[in-house]
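Engineer: Sequence:
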Amino acid sequence: MRRLFWLGVGLAVGALVARQVSKVVHAYSPAGLAQTARNSAAGLVDSVQDFTGRARQWVTDFVADVREGMAEREAEIREAFLNGQALTDLDLFDGDGFDRGPVDWDPVDRDPFDGADRRTPR
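If you're matching positions, the sequence shown starts at 1 in our numbering and goes up one per residue.
The set of hints was computed from the structure by calculation and includes no laboratory data. Hints may contain errors.
Stated by the list, open to error - Label-pair distances were calculated between CB atoms; the ranges are: (1) Arg19 x Ser40: 19 to 29 Å; (2) Asp50 x Trp6: 46 to 56 Å; (3) Arg54 x Val9: 45 to 55 Å; (4) Val13 x Val59: 55 to 65 Å; (5) Gly32 x Trp6: 31 to 41 Å; (6) Ala86 x Gln57: 33 to 43 Å; (7) Phe62 x Leu82: 23 to 33 Å; (8) Arg19 x Trp58: 46 to 56 Å; (9) Trp58 x Ala18: 50 to 60 Å; (10) Phe62 x Ala31: 42 to 52 Å.
We put the beta carbon where it would ideally sit given N, CA and C, even for glycine.
All chains, full assembly: derive it from the sequences and hints.
Structural biologist: Now the structure itself:
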C-alpha cells in the first residue's frame, strides 16, 4: 500500500514537472517568442495610444484656458477703451511678477543681461 501511495505521489509530481517544462520549452520556441513579441507590441501600442489621447486632452484644455483668459482680458481692454480710459491707466501688472506694460528700454541701447547702459555719451 505504501508503495502504491509513493508511486502515485511520484506520478503526480512528475506530471507537474513535465507540464512546467513543456511551458518553458514552448515559451522559448520560435512560436512562443513570436507570441510574446506580439503581446508586448500590442501592449506598447495601447500605452502609446493612451498617452497620446491624454496629451491631446491636456493640450486642448490648455488652449481652452488660454483662449478664455484672452477673452477676459480683451473684454477688460474693450470696456476701458469704451469708457475713455487710456491703456496707461489700466492695471497691466497682475501681481504675479510679470509686468505686461510697455518695455521702457531700447534693446539696442542696453544689454538685457547685465542692464548696463550701452549708449555712447554725448
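Engineer: Would you mind marking each hint as holding or not holding in the structure?
Structural biologist: Tested hints:
1. The hinted window of 19 to 29 Å between Arg19 and Ser40 holds, with their beta carbons roughly 24 Å apart.
2. Range check, Asp50 to Trp6: Cβ separation about 54 Å, and the 46 to 56 Å hint holds.
3. Roughly 54 Å separates the CB atoms of Arg54 and Val9, a value that falls within the hinted 45 to 55 Å.
4. Checked against the given bound of 55 to 65 Å, the beta carbons of Val13 and Val59, roughly 59 Å apart, stay inside it.
5. In this structure the supplied range 31 to 41 Å holds for Gly32 paired with Trp6, their Cβ-Cβ distance being about 34 Å.
6. At roughly 41 Å, the beta-carbon separation of Ala86 and Gln57 lies within the given 33 to 43 Å, and the hint holds.
7. For the hinted restraint 23 to 33 Å between Phe62 and Leu82, the CB-CB distance of approximately 31 Å keeps it satisfied.
8. Checked against the hint of 46 to 56 Å, the C-beta distance between Arg19 and Trp58 comes to roughly 48 Å, which is consistent with it.
9. The beta-carbon spacing between Trp58 and Ala18, approximately 52 Å, falls within the hinted interval of 50 to 60 Å.
10. The hinted window of 42 to 52 Å between Phe62 and Ala31 holds, with their beta carbons roughly 47 Å apart.
In the structure shown, no violation is registered for any of the earlier numbered hints.
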